[in-house]
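If you're matching them up, the sequences are chains A and B in order. Quick note on my numbering: the first sequence kicks off at 1 and runs consecutively. Quick note on my numbering: the second sequence kicks off at 305 and runs consecutively.
The hints are simulated quantities; they were obtained by calculation from the structure and are not laboratory data. Please note: incorrect hints may appear among the correct ones.
Stated by the list, open to error - Facing chain B, according to a computed beta carbon distance under 7 Å, are these residues of chain A, among others:
| no. | residue |
| --- | --- |
| 1 | Tyr26 |
| 2 | Val37 |
| 3 | Leu38 |
| 4 | Val114 |
| 5 | Ala116 |
| 6 | Leu117 |
| 7 | Pro125 |
| 8 | Leu231 |
| 9 | Lys272 |
| 10 | Val284 |
| 11 | Ile287 |
Ideal Cβ placement from N, Cα and C applies to all residues, glycine included.
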Amino acid sequence: MTAIAATALDEKWRRRWSAILEPWIYLSPALLIIATVLIVPLIIGISYSFWKFTAFKSQFAGLDQYRTLLTDEVLHGALVNTAWWTVGSLFFQFFLGLGLALLLNKPFHGRKLVQALVFLPWAVPTFLTGLTWSWLFNPIVGPLPHVFFAIGLQSEPVTILAHPSTAMWGPIIANVWFGIPFFAITLLAARKSIPGELYEAAAIDGASAWQQFTKVTMPFLAPTIAITVMLRTVWIATFADLIYVMTAGGPAGSTNTIATYIYVSAFKALDKGYASAIAVLLLVLLIAYALIVIQMRRVLMKDF
Amino acid sequence: MVGQSKFRRTVNAMGLYGAILAYVAFALFPIYWTVKISVTPENLLYSEGIKLWPTHMTLKNYQTVLRASDFPRYFLNSMIVSIATALIVTAVASLAGYALSRFRFQGKAWVSLVLLLTQTFPLVMVIPPIFRIMGQLGLTDNLYGLIVIYTAFTIAFATFLMQSFFDGVPKDLEEAAMIDGCTRVMALRRIILPLTLPGMGATVAFVFTAAWSELLFALMLINSEDQKTFSVGLLTFIGKFAVDWGQMMAASVMALIPVCIFFAFLQRYLVTGLTAGAVKG
Chain A
1 MTAIAATALD
11 EKWRRRWSAI
21 LEPWIYLSPA
31 LLIIATVLIV
41 PLIIGISYSF
51 WKFTAFKSQF
61 AGLDQYRTLL
71 TDEVLHGALV
81 NTAWWTVGSL
91 FFQFFLGLGL
101 ALLLNKPFHG
111 RKLVQALVFL
121 PWAVPTFLTG
131 LTWSWLFNPI
141 VGPLPHVFFA
151 IGLQSEPVTI
161 LAHPSTAMWG
171 PIIANVWFGI
181 PFFAITLLAA
191 RKSIPGELYE
201 AAAIDGASAW
211 QQFTKVTMPF
221 LAPTIAITVM
231 LRTVWIATFA
241 DLIYVMTAGG
251 PAGSTNTIAT
261 YIYVSAFKAL
271 DKGYASAIAV
281 LLLVLLIAYA
291 LIVIQMRRVL
301 MKDF
Chain B
305 MVGQSKFRRT
315 VNAMGLYGAI
325 LAYVAFALFP
335 IYWTVKISVT
345 PENLLYSEGI
355 KLWPTHMTLK
365 NYQTVLRASD
375 FPRYFLNSMI
385 VSIATALIVT
395 AVASLAGYAL
405 SRFRFQGKAW
415 VSLVLLLTQT
425 FPLVMVIPPI
435 FRIMGQLGLT
445 DNLYGLIVIY
455 TAFTIAFATF
465 LMQSFFDGVP
475 KDLEEAAMID
485 GCTRVMALRR
495 IILPLTLPGM
505 GATVAFVFTA
515 AWSELLFALM
525 LINSEDQKTF
535 SVGLLTFIGK
545 FAVDWGQMMA
555 ASVMALIPVC
565 IFFAFLQRYL
575 VTGLTAGAVK
585 G
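Let the sequences and hints guide you as you build the complete structure.
Spelled out as structure tokens, the structure:
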């Protein structure tokens, strides 16, 4: 009798321990890779920001490079550009993506084919996206300047990439093209998971299409929207490839974002200490943003 | 009354198809333009630059790229890196996603937060340290280094994806099997795995496309000709031969083919898989 009780107790302990350990065993490969390839380099990267690197030696600089940040005119310009680049790209990606998701949720002929086609831009390598759009904006080999000229957006058919006032729109349009599928896929999935009965009930209560959208669709989509907008904002803000390929930050620094500025500082000017200081600034801004959105999402979720 | 509603339906349908057409045109036109440039003979490249289709067509660019350049090598390298990364990430992210979906444990919220925050790391900041570490491990200038880095950068999002796919499979199914005497591993293999296979397919597609198109790391880490991936290889078209656009676009079109087929095939799993899990967000 006691033996049985003892093994039962033993079994209970074993189970408890395995219940505590089991998830960590499954998580360990992922956490190990992230720790060694991302977190350790990140910490080393942060430490670089306190050192001044020159061609032959490195010396401790303390907070000097952070002080330089405060008076760096190029950086201030890049901050403003980053805000434009991020907000502009995100705004159009999100609303066009939401529109596409709602369209693809309606039944129509050839929907499967359309869905496969409109999601294709996501599969196009960034580098190629940048090159192709540069061509489309080029008046000699691309149609867009002539279209803009014909509809009166431009007074003559020239590339928008060459003028400081319009250059940022080039990478933004390319980025919107590339980014719509991401929002469309995630929002379509979220929209499909809303039970149909809710719409039937709303229709019986006499809700208009607009009311159904604002009172049923949007509240259900809100958690997904919060998380995807957050991830996307961060991805866009740190995304240098497109701008680098299309304008390399020019003309006259008009498309220079923090991400491209870090890249240029680190690999063109070979000042990895200063590049790291700028990167730390960006990192702090993004983490603060991410935490605010997560908190907002938590509050939103509580309402339901 | 009936006539009016019929009229409204027609207008609505026209609006729907118009909007769909606009989206399809916007999505496909740049790809179409790439194809067009790739088949334009060099002497017409600028003179017929803004025509929708050149008066003569040529496949010479494709022949040159396939026979006289290192492109087949780049292509193979990209294939190796992307497939290896996709398989590793999907396996690791499935485990992690399963843990986050099925267990309640202390520190779970922290794990999610850390995963999420890794997405805020500016890539350019970790490149110099990674370059140094990789150099010490002898992983610069070869494909293993790229696989390791791409794995680390895509794992967080892949884990969230897999978590939402697992969330979509009712827990009862697994518990019933375990009551019937299955171990967790058996339940996983016989019940959960078949049901989340589409989700894994979608994760493979997502990671594959991300690895296939990455440029900056590949540019930093790879120097030797025979280790270059295709995005870095494309850049050599700019450097070496004063930009041979036709050849470059031909190479691009060929690089697009596998990834587009792959993605077109798997994107619907991405939607269906996410739909099941989206309720719990």
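Outcome of the hint check:
no.: 1; hint: Tyr26; verdict: holds, 4 Å
no.: 2; hint: Val37; verdict: holds, 4 Å
no.: 3; hint: Leu38; verdict: holds, 5 Å
no.: 4; hint: Val114; verdict: holds, 6 Å
no.: 5; hint: Ala116; verdict: holds, 4 Å
no.: 6; hint: Leu117; verdict: holds, 5 Å
no.: 7; hint: Pro125; verdict: holds, 3 Å
no.: 8; hint: Leu231; verdict: holds, 6 Å
no.: 9; hint: Lys272; verdict: holds, 5 Å
no.: 10; hint: Val284; verdict: violated, 10 Å
no.: 11; hint: Ile287; verdict: holds, 5 Å
The structure fails hint 10 only (numbered hints given earlier).
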